[in-house]
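K.L.:
Those sequence lines, one after another, are chains A and B.
For what it's worth, numbering that gives the first Met the number 0 labels the leading residue of the first sequence as 0, then goes sequentially.
For what it's worth, numbering that gives the first Met the number 0 labels the leading residue of the second sequence as 0, then goes sequentially.
Keep in mind that the hints were calculated from the coordinates and are not lab data.
Misleading hints may appear alongside valid ones.
Stated by the list, open to error - Only pairs whose alpha carbons sit at most 30 Å apart, straight line, appear in this in silico DSSO-like list of lysine-lysine:
(1) A:Lys160 - B:Lys282
(2) A:Lys202 - B:Lys7
(3) A:Lys88 - A:Lys101
(4) A:Lys202 - B:Lys282
(5) A:Lys420 - B:Lys16
(6) A:Lys385 - A:Lys455
(7) A:Lys198 - B:Lys278
(8) A:Lys420 - B:Lys187
(9) A:Lys65 - B:Lys282
(10) A:Lys160 - B:Lys278
(11) B:Lys278 - A:Lys34
(12) B:Lys7 - A:Lys420
(13) A:Lys385 - B:Lys282
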Amino acid sequence: MKNMRRYSNDISIVFGGAAGQGIQTIASALVSVLKRTGCHVFACTEFMSRVRGGSNSTQVRITGRKRHAYVHRIDFLFALNADALEHLKTRIAPTTIVFADKSQVPSTDEGLLVDAPITSFARQAGNPIYSNTAAVAVALGLLGIPQEGLDNYLREIFAGKGDAVVADNIEAARLGYAFGRQTALREEIEVEIAVEPEKNRPKELLLDGTAAVGIGAVAAGCTFISSYPMSPGTGVLTFLAQRSHEFNIVVDQAEDEISAVNTALGASYAGARAIVTTSGGGFALMEEGISLAGMTEVPLVVHLGQRPGPATGMPTRTEQADLNLVLHAGHGEFPRVILAPGTFAEAILLTQRAFQLADRYQLTAFVLTDQFFLDSTGSMAAAVVKREPIERHIVETDEEYMRYRFTPDGLSPRGVPGYGKGIVKCDSHEHDETGHLTENFETRRRMVEKRLRRIKALAAESLMPELVGGSADAPNIVVAWGSNRGVLEESLDTLQRADLAGLHFSQLYPFNPSVATLLKGKIVTVLENNASGQFADLLHRELAVSTANRILKWTGEPFSVEEVVEALREI
Amino acid sequence: MKTPSPEKPNPFDMPHKEMGWCPGCGNYKLLDSLKGALFELGIDRRNLVVVSGIGQGAKTPQYLNANMFNGLHGRSLPAALGIKLSNRNLTVIAESGDGCMYGEGGNHFLHAIRRNCDMTLIVHDNMVYGLTKGQASPTSLPGMKTPVQIDGVMLEPFNPLAVSLALNAPFIARASAGDEEETKEIIKQAISFRGFAVVDVFQPCVVFNRLNTYQWFRENTYYLPGDYDPADRMQAFAKAVETEKLPLGVIFREETRPVYEDLLGIGNTPLRSQEFREKAFEKMIAEYC
Ligand SMILES: Cc1ncc(C[n+]2csc(CCOP(=O)(O)OP(=O)(O)O)c2C)c(N)n1
Ligand code: SF4
Ligand SMILES: [Mg+2]
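Next comes chain B alone, as it looks inside the complex (with noise of 0.2 Å):
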């Protein structure tokens, strides 16, 4: 049994949650390919972690129904990082704006790559500030104008594919959240995926992105062919920096990345229940009598 039924709904649904989201956002879909993915993983929902920032894609984990470690505008994938390594047991899954992750994050998001946890990361990129209502954002395209860039956007934009790429990520994807079953398969490749995984979603903001609609996505992106190799690094350079079309699809995965909770012993034992080496206190203390 794959879909949620009436006599089995999703264990993730919040249904008496006031949601905080427009009416026709991007968001909202996104949130139901998370949840579809989640549901057909099988994943127990008390040993997932959601961890996000401040931003309207950042509240995500407050309609799902998780742990939820909703914390600092742009500080998830710190946090993140925290949770694993403190019970790698944990699925963990770090979710924010494009504005959360890449600009007031953006430090983080180099050294997550660089990490290389297992966790996945999965950015509501709406090309805008949506929650502080319509400034620019680092993904916003040049010409865009705001109520802060009257002139419009001067800046180049942010590529998170190619900068993940540069930095070695083992897993990058890009989904379009008006594809719903698309975007929950590849979110599920992503969790599956041992090791550090990028989603970036392109979300429709239908109040303050008039450029970037559900219909401009729809036709400035394209699947990435069936035959598409994922594991060759230089193709996958040539796809993120193409921009007549923006590729969607799992653009580079590699599986032999050793993960951070590896490289530092961390064992399956939550730090919580380690038992203090009584010993080795003991020794220590002589090592300074």
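The following block holds chain A by itself, in its conformation from the complex (with noise of 0.2 Å):
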């Protein structure tokens, strides 16, 4: 007699196999299915730096209400070749399901083998090509949910195919969704998801943080981009590409980063509100270059996707270890911004704020992110998908214009060429208020002074970090930053414990001066994807704060909900 195998609101599948078999494919056509027929889905991956073949793997989550984290657990795996099953070997447990075609994958050392002909199903529907399909329909299938769904998604996809191709995948579908059933039926296997109708549902986006940042881009009014590919930044870069001519964004893919930022800069400085995208190699390169904004006080948004450093690292893995990168780029000593998203809807706001920030503050905004993040696909509100007035902060000039006139906030009116009466004139070195070089001692000291100032301000009104769990007076605060959101979340939801409470920072630098009265006295955790804890020695630095524990992960993998979980019961 088998055991029955029930599911309950927290489902994880995983397809794994090599690059070019589809496994992104397979995960981005279940998630939208899954999406449109009301379920919360939430989807991240993890991929080898190679074109074809290796290994590579995709996690598509649904869950009873929206979560943004990873989990170790596989419950069903769709292993597409044999190596999948090594690959992920440490994640098959007992209870796991494996899918895949017997002629590939005979066995399994943990977990209920299934033989899944999903390559015969399309076959016989017509073309081994729709293989695709079909294991989304068996996926379907195995959770049921109505095959309706994905028919209708093929109908969209496949429009401009030909009605041949349409009605060939609708019936690789039919083949894969009859088994899937079967399956379910057979194995025991018992799926409760919770499903909102339709009519309840409040209209919602689907996309991956790439896009959050791209959206939050063209809102705020983005219209120049110089970059140099460079993983995980490059997606930004196509983004704001494929909607140039939506747009009108000018798009220059620049001879390296050096040029990228350099160009940006002179993109800003005669008006545009201007971006660079990188990871931190390519970061490293610009570093001259943020140093002669801090400088010249042309506003500037960078977005740094990290991976794993130093050096090439790991490049499509993910790490939290650039902050202190960003905190410390450039020569000199000049005031800068550190945003970082947890969220998609953050990162569409977030990423206006940087664009917003920079231009009022007339300096480099960071909107700092990560492979994780990026590549996460899930869904957000489109009710929060709000657009921040846009504001220039650029004047008319008249014939006494000087670009650097002393202010009491030292904030000079910032002109830019070509619009108005007077000159500007915008220098690396050190000059006096018409922007000329000088060397005069006094001037110098007024100037870094003047840069220097506004940081008091921009502080005011730097976002507060938020409470993602537990109240604000349990006695330990567990402190996470950027992607680390939804993990952190998740756990502490898990936990139940009243006497932890989650804080999650949205803004890194500088910190809103309140933000000491929520940590004091109180125990701190702090969570991060790297090795050395360098938020947890930035809030020493800053605000003085002690950090009790630190929990840290710097294999390139993110944090699973699992492992938060068991390091957060250790405090």
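Using the hints, put the two standalone chains together into the complex.
P.N.:
Encoded structure:
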């Protein structure tokens, strides 16, 4: 007598295979259909730095409420080749059900192996290239999600390929779906998924982190991007290039990152809202440019998608180890802003905010993300997509205009060339109010002071960290920043301990002066994806907050909910 | 009225500015040629941006009454590119030394030619690093001794004209700063040219380059004859690689290469004045729903 297998409102499906086998296509089709059906879905992906072959996987989670985190556990594994089993070995448990073509994957050490002849369904429907469709259908059949959603999806995406292709895909789906249902019945797999009825559903977007940053840039009226490709930052360049005609965005693929940042600064000097996107290595090349922005007070937004370093590191993996890099980038002393979104909604809003702050305070604003965040997919309410007003703070110049005029708040009205009667002199040397180079010590003293003075106003409007679980009077505060918001939230939810609360920082620098009171007298634990605890050190430096525990991970993978739960149990 | 006068001074003059150049430096003459060219072309100084890097030559916009972006060593061309793409109505001139342009910024030089924006590049080629006190530059002649190259320069000199030609730059000229009038005329042609105009200017450094002096340049250069046809690319190559005597003038000129601004479809509205496209934004969000 077989045991009934029950899965309720937290299901982890993983597709594993080689690059080029289509696991991304399968996962994104599945996620689209599930989202339209009214499920809460989240997907994240891990892949090797190669174009074909290797061993990659994508996780699709279906949960009772919105989640934004990776889980180690696999309930259903679709193994597209034998390597996938080896690659995911540590995550296959006795409860895992592995779906694979037995001719490719003869056995599994752990879990139940179900022979799923997906390619033969595709062949029966007319062509082995329909395998992806059949695989999605098997998963839907297994979950008991009506096939109709998939059929509609197939009609849409294959609309341009003619009726025959649509019909064949739907046939492949029918075969796969029937197999999935039969398997569920045979193996007594019972899946319970909360599906929100259509009329109750708020309008939602389905997107990944890259698109969220891209949408934020478009919403901010970004008109210029110059960048050099580097994973995982490239996606934002691609996003804006794809949208460049619709929004009149000038896109220049630079010859190197040094060019990218200097080109963006030129564009910004002349009045464009400019962004560069890169990763740690490329950003390291931009550093002198960041210093130039500091000296010239030219606004700039930098998106940095982190990956493990040093040097080339692990190009397609994740880490949060470039905080110190952006914090200290550029020689000399000048202010900056660092934002690190933890949700897609935050990415849309904070990217806009980065442009706003860059323009208002005439400095560089960083949007710091990472591979895990950028390559994750999930849904968010459309109502959250707000457009902030676009305020440029550009003045029409008069004959007497001086770019670096001394003012009480340190901010000189920003003129641009060709707008007004004045001339705009912008200088990387220390300069006087007119922008001409100077070696006058008193002017130097005042100019440094002028550039640094804005930090105060900037900090006063810095975003406060958000409570992401527990109550503010809990004695233990667990701090996370950037992409670790979701995993912290879910872990605290799992633990339900009154003595634990989570605090998520989406602005890393400068700190709002009120932050100190939130952490005063607390036992502070900091959770971050790096080896040394860079944010914990920053809290200490800026707020004299000592961290009692550091939960760190630097393998190149994101934290899983399970390991964070485990680590928090120790507290 | 072509020449400035006490009644009508050159609007690009910056009379009260203390100059950082050595007495007798070729940069003074080059600055005068440039100001003369700008004056005679009737350029509106409020619509002119002179972009430079770091070095002695790169100080030029500090002494010019016009918009200036004096950026980083080697990086004038990327900044100039951004400025031009941001507002194509601006007249953009990039100006720097041979080290700045062909050494530190060499990669940008190559790719700026490939892009072909409508702008002018003026290189103050003194065949030495002036500001850092006399080390070899990419154009230093073999054998020249410096405090660093104690056994003399060993490297093959960078040939900006031949490299520009190889990359199909549409306007390539060489001038000699000692000849103010001729240099002014060449710069006028370069600024008026629609496309990326490269002007390499021999500029005597009277302190650190004792080899390539005013006299040396006079003796080792000649002007291309009146019947020289700058449209002939192969002939231009032959001129570009001459070493016996170095040709001056416009060695290559081709009017038909499309400019990058046009290829990108950039209109006359500066990017800062573009309207936000609300409708397109709503449509994009709907695509994600
Ligand atoms: C990144 C960087 N490296 C080095 C320098 C130092 N530096 C300033 S100018 C210069 C070379 C100047 O030579 P060139 O460009 O030929 O100009 P010149 O002074 O001869 O006109 C150097 C090496 C610098 N300012 N920045
Ligand atoms: S060092 Fe040479 S290039 Fe520089 S100002 Fe003096 S003479 Fe001119
Ligand atoms: Mg030089």
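K.L.:
Would you mind confirming whether the straight-line C-alpha gap from lysine 88 of chain A to lysine 101 of chain A stays at or under 30 Å?
P.N.:
holds, 17 Å
K.L.:
With the threshold set at 30 Å, check whether the alpha-carbon distance from lysine 385 of chain A to lysine 455 of chain A stays at or below it.
P.N.:
holds, 27 Å
K.L.:
Decide if the proposed pair is consistent with the structure: lysine 160 of chain A and lysine 282 of chain B, CA atoms, cutoff 30 Å inclusive.
P.N.:
holds, 24 Å
K.L.:
CA of lysine 65 of chain A to CA of lysine 282 of chain B, is that 30 Å or under?
P.N.:
holds, 25 Å
K.L.:
Against the 30 Å threshold, does the CA-CA distance of lysine 160 of chain A and lysine 278 of chain B hold or violate the hint?
P.N.:
holds, 29 Å
K.L.:
Between the alpha carbons of lysine 202 of chain A and lysine 282 of chain B, is the straight-line distance 30 Å or under?
P.N.:
Status holds; Cα separation ~14 Å.
K.L.:
Does the structure keep lysine 420 of chain A and lysine 16 of chain B at a Cα separation of 30 Å or less?
P.N.:
Cα-Cα ~21 Å, so holds.
K.L.:
Could you grab the alpha-carbon distance between lysine 278 of chain B and lysine 34 of chain A and see if it respects the 30 Å cut-off?
P.N.:
Roughly 25 Å separates the two Cα atoms, so the pair holds.
K.L.:
Has the given pair, lysine 198 of chain A with lysine 278 of chain B, been kept, meaning a C-alpha gap of at most 30 Å?
P.N.:
Holds: lysine 198 of chain A and lysine 278 of chain B sit about 26 Å apart, inside 30 Å.
K.L.:
Are the Cα positions of lysine 202 of chain A and lysine 7 of chain B separated by 30 Å at most?
P.N.:
violated, 67 Å
K.L.:
When you check the alpha-carbon spacing of lysine 7 of chain B and lysine 420 of chain A, does it fall within 30 Å?
P.N.:
Distance ~19 Å between lysine 7 of chain B and lysine 420 of chain A Cα, so the pair holds.
K.L.:
Given the hinted pair lysine 420 of chain A and lysine 187 of chain B, is their alpha-carbon gap at most 30 Å?
P.N.:
Distance ~24 Å between lysine 420 of chain A and lysine 187 of chain B Cα, so the pair holds.
Hint 2 from the earlier list is the only one contradicted by this structure; the remaining hints agree with it.
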